[in-house]
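Using the sequences and the accompanying hints, generate a full structural model.
For the sequence shown, the numbering used here assigns the number 45 to the initial residue and increments by one for each residue that follows.
Hints in this document: simulated from the structure, not taken from any laboratory. The reader is advised that the hints may include incorrect statements.
Said to hold, decoys possible - In silico EDC-like links for lysine to aspartate or glutamate, alpha-carbon gap of 20 Å or less:
#1 Lys137 / Asp117
#2 Lys130 / Asp89
#3 Lys146 / Glu112
#4 Lys100 / Glu131
#5 Lys137 / Asp89
#6 Lys154 / Asp117
#7 Lys90 / Glu131
#8 Lys90 / Glu123
#9 Lys136 / Glu97
#10 Lys144 / Glu112
#11 Lys110 / Glu147
What you are looking at is a predicted structure, and each value in this text was computed from that prediction instead of being measured.
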Amino acid sequence: MKTLVKTLIIFSISLFLSLSTFATPKNDLGKDNSLTNQIIALIGDKVPFNTYETLKVDVSFTVNNKNEIIVVDVTSKNEDLSLFIKEKLNNKKINSSKIKQKEIYTLPIKVNKA
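Structure below.
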């Protein structure tokens, strides 16, 4: 009985570790400066509202077979900023041969205070 319990515990831990590794999004955009620059150009250098502190945003996205950005998630403390970035990026065409389609990428963005 003890052997069965130990085996189940080891199996559960192995399964948990493999699933969490599988679910981790790709973060390879540091190597592709052209894509990062395209995304920054799409967002622009001005936001349509005043920020009184530096805000951090994590944008998770994928690219479809038409080379369009599909925003999966925008994480920020500021709801207006999240909506602004999603509107600016979602369904916009990009040019990048290094990015794999249908993989999830995460791009951290910092918006400086006004």
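Tested hints:
1. The suggested pairing of Lys137 with Asp117 holds, with an alpha-carbon distance near 18 Å, which does not exceed 20 Å.
2. At roughly 15 Å between alpha-carbon atoms, Lys130 and Asp89 fall within 20 Å of each other, so this suggested pair holds.
3. Distance hint between Lys146 and Glu112 is fulfilled; the C-alpha atoms sit about 11 Å from each other, no more than 20 Å.
4. Between the alpha carbons of Lys100 and Glu131 the distance comes to roughly 17 Å, so the proposed pair stays at or under 20 Å and holds.
5. Between Lys137 and Asp89, the direct Cα distance comes to roughly 19 Å. Compliance with the 20 Å bound is thereby established for this hinted pair.
6. Under the criterion of a C-alpha separation no larger than 20 Å, the hint pairing Lys154 with Asp117 is consistent with the structure, at around 16 Å.
7. Distance check on the hinted pair: Lys90 and Glu131 sit about 14 Å apart at the alpha-carbon level, within 20 Å; holds.
8. Only pairs whose Cα atoms come within 20 Å are accepted, and Lys90 paired with Glu123 is accepted, the gap being roughly 16 Å.
9. Of the supplied pair hints, the one linking Lys136 and Glu97 is violated, its CA atoms being roughly 28 Å apart against a limit of 20 Å.
10. Under the criterion of a C-alpha separation no larger than 20 Å, the hint pairing Lys144 with Glu112 is consistent with the structure, at around 12 Å.
11. As the CA atoms of Lys110 and Glu147 are separated by approximately 14 Å, the hinted pair is consistent with the 20 Å bound.
Checked against the numbered hints given earlier, the structure breaks only hint 9 and satisfies all the rest.
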